[in-house]
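Enquirer: Each chain is listed here by its residues.
6 protein chains.
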Amino acid sequence: MHIDREILKGYLLEDTGRGDITSEALIPDTDSYAEIYAKDEGVISGLEEAAFIFAYAGAQAVLTASDGETVTAGRKIMEIRGKARAILLAERTALNLIGRMSGIATKTNRVIRKIHSLNSGVRVAGTRKTAPGARAIDKKAITAGGGDPHRFDLSDAFLIKDNHLVLCSAAEAIRKARDYSAYKKIEIETETPAEALIAAKAGADIIMLDNMEPGQVSEASMLIKNAGLRDRVIIEVSGGVNANSLESYAVLDIDIISMGALTHSVRNFDVSLDMKPGVKNFKIHI
Amino acid sequence: MHIDREILKGYLLEDTGRGDITSEALIPDTDSYAEIYAKDEGVISGLEEAAFIFAYAGAQAVLTASDGETVTAGRKIMEIRGKARAILLAERTALNLIGRMSGIATKTNRVIRKIHSLNSGVRVAGTRKTAPGARAIDKKAITAGGGDPHRFDLSDAFLIKDNHLVLCSAAEAIRKARDYSAYKKIEIETETPAEALIAAKAGADIIMLDNMEPGQVSEASMLIKNAGLRDRVIIEVSGGVNANSLESYAVLDIDIISMGALTHSVRNFDVSLDMKPGVKNFKIHI
Amino acid sequence: MHIDREILKGYLLEDTGRGDITSEALIPDTDSYAEIYAKDEGVISGLEEAAFIFAYAGAQAVLTASDGETVTAGRKIMEIRGKARAILLAERTALNLIGRMSGIATKTNRVIRKIHSLNSGVRVAGTRKTAPGARAIDKKAITAGGGDPHRFDLSDAFLIKDNHLVLCSAAEAIRKARDYSAYKKIEIETETPAEALIAAKAGADIIMLDNMEPGQVSEASMLIKNAGLRDRVIIEVSGGVNANSLESYAVLDIDIISMGALTHSVRNFDVSLDMKPGVKNFKIHI
Amino acid sequence: MHIDREILKGYLLEDTGRGDITSEALIPDTDSYAEIYAKDEGVISGLEEAAFIFAYAGAQAVLTASDGETVTAGRKIMEIRGKARAILLAERTALNLIGRMSGIATKTNRVIRKIHSLNSGVRVAGTRKTAPGARAIDKKAITAGGGDPHRFDLSDAFLIKDNHLVLCSAAEAIRKARDYSAYKKIEIETETPAEALIAAKAGADIIMLDNMEPGQVSEASMLIKNAGLRDRVIIEVSGGVNANSLESYAVLDIDIISMGALTHSVRNFDVSLDMKPGVKNFKIHI
Amino acid sequence: MHIDREILKGYLLEDTGRGDITSEALIPDTDSYAEIYAKDEGVISGLEEAAFIFAYAGAQAVLTASDGETVTAGRKIMEIRGKARAILLAERTALNLIGRMSGIATKTNRVIRKIHSLNSGVRVAGTRKTAPGARAIDKKAITAGGGDPHRFDLSDAFLIKDNHLVLCSAAEAIRKARDYSAYKKIEIETETPAEALIAAKAGADIIMLDNMEPGQVSEASMLIKNAGLRDRVIIEVSGGVNANSLESYAVLDIDIISMGALTHSVRNFDVSLDMKPGVKNFKIHI
Amino acid sequence: MHIDREILKGYLLEDTGRGDITSEALIPDTDSYAEIYAKDEGVISGLEEAAFIFAYAGAQAVLTASDGETVTAGRKIMEIRGKARAILLAERTALNLIGRMSGIATKTNRVIRKIHSLNSGVRVAGTRKTAPGARAIDKKAITAGGGDPHRFDLSDAFLIKDNHLVLCSAAEAIRKARDYSAYKKIEIETETPAEALIAAKAGADIIMLDNMEPGQVSEASMLIKNAGLRDRVIIEVSGGVNANSLESYAVLDIDIISMGALTHSVRNFDVSLDMKPGVKNFKIHI
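Residue numbers (our numbering), protein chains in the order written: chain A, 1 to 286; chain B, 1001 to 1286; chain C, 2001 to 2286; chain D, 3001 to 3286; chain E, 4001 to 4286; chain F, 5001 to 5286.
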């Protein structure tokens, strides 16, 4: 997923403010060298973005791991060469990018591996519950972890929700959506197995089973199958899926489980940058 | 903390993309009414920002709770009136703002209450480990939870770290910082009680005790006190403080505990919006 | 289709430059009234955008026609009230919006009416061949004319072209696209009826028949039908369709005809604004 | 004419959206080579802008024709080297720029050649009737075709129109404009030969004869000449000039014919890009 | 002169940073009232811009003087009503605008009055030597003071300087400029009376006499007059005009004196804002 | 101080407008060489910014002096190589930057030298009275001249003014500020020596003595010293300090004198650029 450079520049500016007064006031701008290390185990994401940040600040980064790769704690994932002030200017922004994105990629990947140990046919997808300002990186991190990014924004695909169904029937909604454009998928939120069947018959591409118990999900899937529509629709389970209930859903005849928690409740992946200032021996003076 | 309107508009645009095709294609743009409810217990934050989002989209929000207030699950926190499409356009952005900000405010507040049960003189502060693009709202949410936002960016205050001390001594660094400007505080990172004492003697305003064990922290504080400098400096404990170790630090003679986890590892506060489309009786058509 | 306000403001600024020096230097800023008239027959589009431009400049517009409505020459389509300078500042930008968008809507609509006179089951779609900077308004105008906007940009849907097929087979491409996300449609460009059949079997959602003669299109459609896949795919004819050949394609068993000329070769719809300066009798002084 | 880079970047982003998902999901990012060919005959424009787009996307373009040059169908006008994804990301934006700008340059040039075959002393100028968002490129394309760009925006020169003359006399308007600034030309719109004479006497730099028949134009020009003012003013004919009437105006004693149709009713110049993926033999896999 | 709102918003943001932490932390957001007073004598400018700043911050300003009006010290020039925090947020930005703009308007006006006491036919113009970021307001302030803003930027008019004349002759330069566009004036910089005459003969609209002594200026003017071209050209004196020499130039047969010092060496006009917090009696608590 | 590139690009665009029509229409784009010379004596500032402007326009600048260095008239301070049009495009913006910034740096430095001849312990600081749009460069120029930039904007530090003290007492204000954040200094404005003492006792970091006579300043300083607080606070004198009174303040027991005039009333430092077009002998053709 291509992330617009202006977004990344904005992240750096957000942390830079009026400039890094500490480095400017205190230190000579010597040629320097730094390394970034993983301090957790998981799937790395955000290296390309971090490298751009260093480049924009005036330093050169070389990736020693790849986005999407699984690493263990202690792995060196990036080397940076440049002036000391450039590296320090970009440090926190780069680490925040890798930390958040790898946190999301790792969480996504863990869920997927758990599901695939039971059923390799079920995918994991994100939602639009991302951190404000972080939509692009959060979605890219899900992809890095092996997940499906789902809708990026309100214009990506139709998603017919209860609030729309207050004002028109499912069949009418699907027809109107299809009339609007043939180039967007049509997803519909359903609350009961019966609704799911109606939606599948009405021609939705994706049937979201919202907050249904495993038993209901199973029933919805069966109704759709019995109607001969199972290979015409994608069945997405959403809502109420957590670490405990995940396995009960994973074994069912569904296609996707979508989880807001992949991006709205993230645990940062720990990374750190070590400056090695140019020359061999250096010593901290306190 | 005043959040620049352009940042908030950017959050809405990030979720809007080319427009809410579902609402535009499907539903009439009727006068509508909606409510937002808390589904967790905690400290609310983000209501002002959410209200701006609705206003910018063309709907009017009335706050029925205040930012910084503690609420319980089920509490109605906002009422919105406007065209259906305006409300639906803004919904997810508004909820994401309240969800993340209240999650941070709630976590901050829990840590503070735990500390204050032991020592009312210790404050809790954030760090710059925020989600990319969310610095302003993350810092404001910490304030809503009762915390100290700490440095907003690299230009707010001097923070002399090991990477700087590789290139000049603590005393020289502090002198240079003071020469640069009298209007910014000078903080310095120290690794041992001895370093902390040196830094205090050199005239730093804030002594950060980085990754020290409670015993070391206690020793550093004592050394500074014995040197007659305790009321001249602020002592900040940073690194390695977690739910388990929090109490061991809270009881010491320190001023601030700063924690990156307040913003880098957030659990969303759950909120939901219920549309009540204009008139009394409405029914979902599936 | 919701058009981001910043885009519209940008259009006004593009025409304003450093300000309307003529009005500022010459005329008193009196309360004024103006009307916009259609001078052609066709489908109107751009009224909402023009009204925003006037509002942003400080005047109030009332629509006396609706976007998507068919009008005849002489029809009053908008009334504007406000200070003379505000109206004159916005005039050209507003007229350019209505002129271009109505031109596109009218052309789209004429093609559709021609096709529907032969076959009501075939739709007309745009392409990405829009004027630089005008993507959003060009797509909205197509919708106003009754057309399908097609992909808005490169992230809307998969469109597998010859340049991609140089590097992987159709089947592999479709599988990779499906693995990437279940929420985007997969379209593939084919050059021969045989390729079209392969693509349909491989599971593409939309088969584009690129630059095929009517006979080839007919054959492609038949092959797909005979394979029992006709109701599984959308067949789009693209390239080489013009006023002369349109009818030969319209009668075939296809779903969509897409035409770049709807937006890349536009004839403006003529509209004009008449100032009626506040009071009843006014006279031009030369 | 220098086109601000931010405008060009905006054109690319408009087409990129969240990124080229097809190329990202499907193909390896191999070193590639592509060529752009003219498929029409006419005056090329937009090559510099297209080259910038490729450069910004990360590929290198070499121009094999020049902006302003007349080419025939089949002429190779650009070579591009770079990663496959970079080339494909920029392709449509680059082609849209060349297509529209060359279309305008070609049309402008055809009108000029037709006029000059009759009267080499008459110039052709554009108007502000450009596509929203395309002012800068539309004006540059007119220049490439040999035309005069006319006012770029409302601050470029004074243009006194009927709406201004409702509120003050021509003489007063010209005096006020002159008092405002000596560095801007003063043009005035006139409806009759008599008005044209009044305006010339009042000291306008440019007299626009708006929607006058050839006979009236001839009379206006004569009146001005007889008053000894012909070499003091520029006479611009505007409105109602089309392919049929062009010649009747071209032979008169005037200086400029301005035509909105040069930019408001454009027929794209056809160009195409052929990828030649790096190595010698490549084959499309369907 | 219309100043783009985004420029003015940018000025406020420049002073606001992350928000007015003092007001947010310290004071209740009560309804308040404030007044702005002139503390110098001179020509006021910037009131409209200051009023916009207050409005954008959420307060309402009423002008009690007009831009361009001459005021004496002690004159109340604006009243503001709104929340205390809104007024304080906007205060410094508003005062900086009025201070700089009135300083420029006042200086411009003093020069004009001095010149007009000797020769009412000579105008005063600015240059492009404005403060970076302040071009629009600096030019508007010159206009408020009665001056001519001269070129706003490099695209406003042709100004042929020595650096251009190194590469082509004056006659060729003027011809090329005229060929480029008939809608822009052509000014040329000359160093001697002889050059001035050549330039006038070549058809320049404006002859700049650059750094010439009064005697040379007089000679240049005479040469042009004797050639019968005096009423065909505008003569601008530029460079080396200061308080001492101004009168020697003012009495000559010239049209304009342009002075960079009007904007590059400004003395702020002193203004102050007095808060009168809502109710009658208030007292400062220290 | 790091100046955001977007600010500098904005300065160039402000002067460029639609492009440098003179150079584009008139001259061939030959390889060229230019030099910038100081024409005044003083402290140079703005060279880094000017070099960026040339680089962004496509030319290469080499600094032959350093920001902060004292130069005499005639000193070559920069060499530029590049295409003629690139150099001419950037010329005025670059000179305006150096002119204003060196003007501020020179004035700041003169004040400092005057003060230090009497008392080396007193610093000079700026204020927020900068030109709109020029905050970043004005502050950097003060630093280049040896001064203290003071608050950059409203979020840098607390500055409690009379308008705040209307609504709460000094002691309460200082306590609230301290509660808000430990990372920002707290300054308070006082009008009398007695108020200054109260503020010092209440724990302010910086005591501003606003518009006090030298005698009052002396008394305030003494009161604070006698209370044993002199080494706890920074004493800043502000308001009413001018060339005449400067010495009376400089000899007192204070820390800082802040002066708005450093940036609100600037006299440009004179610099000029000489084009030396590529080859040895060149001659101006008029």
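Any given hint could turn out to be false.
To be verified - Here are the simulated DSS-like pairs of lysine-lysine, each with C-alpha atoms no more than 30 Å apart in a straight line: (1) F:K5276 x F:K5009; (2) C:K2039 x C:K2114; (3) F:K5039 x E:K4276; (4) B:K1039 x B:K1083; (5) B:K1083 x A:K76; (6) B:K1039 x A:K9; (7) E:K4129 x F:K5176.
Claimed, not checked - Listed next, with one range per pair, are the computed distances between beta-carbon atoms: (8) E:A4055 x C:K2039: 23 to 29 Å; (9) E:L4246 x C:T2064: 27 to 33 Å; (10) E:A4055 x D:A3073: 55 to 61 Å; (11) B:A1171 x F:G5239: 41 to 47 Å; (12) A:N211 x B:L1246: 32 to 38 Å; (13) C:G2228 x B:Q1060: 38 to 44 Å; (14) B:S1245 x E:E4079: 40 to 46 Å.
Unchecked claim - Computed from the model, here is a short list of chain A residues facing chain B with C-beta under 8 Å: (15) I3; (16) D4; (17) R5; (18) E6; (19) K9; (20) L88; (21) V122; (22) V166; (23) C168; (24) A173.
These are computed hints drawn from the structure, not numbers from a lab.
Positions of the beta carbon are idealized from the N, C-alpha and C atoms, including for glycine.
Enquirer: Indicate whether the distance between the beta carbons of A1171 of chain B and G5239 of chain F respects the range 41 to 47 Å.
Expert: violated, 35 Å
Enquirer: Do the beta carbons of A4055 of chain E and K2039 of chain C sit within 23 to 29 Å of each other?
Expert: violated, 38 Å
Enquirer: K4129 of chain E and K5176 of chain F: Cα distance at most 30 Å?
Expert: violated, 45 Å
Enquirer: Holds or violated: K1039 of chain B and K9 of chain A, Cα atoms, limit 30 Å.
Expert: With Cα atoms ~36 Å apart, K1039 of chain B and K9 of chain A exceed 30 Å; violated.
Enquirer: Kindly confirm whether 55 to 61 Å is satisfied by the beta carbon distance between A4055 of chain E and A3073 of chain D.
Expert: Given about 57 Å between the Cβ atoms, the range holds.
Enquirer: For the hint on L88 of chain A, just tell me whether its beta-carbon gets within less than 8 Å of chain B.
Expert: holds, 6 Å
Enquirer: The hint names R5 of chain A as touching chain B; please verify it with the least Cβ-Cβ distance against 8 Å.
Expert: With a minimum Cβ separation of about 14 Å from chain B (threshold 8 Å), the hint on R5 of chain A is violated.
Enquirer: Just to be careful, I want the Cα atoms of K1083 of chain B and K76 of chain A compared with a cutoff of 30 Å; is the pair within it?
Expert: With a Cα-Cα distance of about 53 Å, the restraint between K1083 of chain B and K76 of chain A is violated, given a limit of 30 Å.
Enquirer: Against chain B, run the beta carbon of D4 of chain A and see if the smallest gap drops under 8 Å.
Expert: With a minimum Cβ separation of about 11 Å from chain B (threshold 8 Å), the hint on D4 of chain A is violated.
Enquirer: Quick one, are K5276 of chain F and K5009 of chain F close enough, alpha carbons at most 30 Å?
Expert: holds, 26 Å
Enquirer: Check whether the Cα positions of K2039 of chain C and K2114 of chain C lie no farther apart than 30 Å.
Expert: holds, 23 Å
Enquirer: Per the hint of 40 to 46 Å, is the separation of the Cβ atoms of S1245 of chain B and E4079 of chain E within bounds?
Expert: violated, 58 Å
In this structure, the earlier hints numbered 3, 5, 6, 7, 8, 9, 11, 13, 14, 15, 16, 17, 18, 19, 21 are contradicted, and the remaining ones agree with it.
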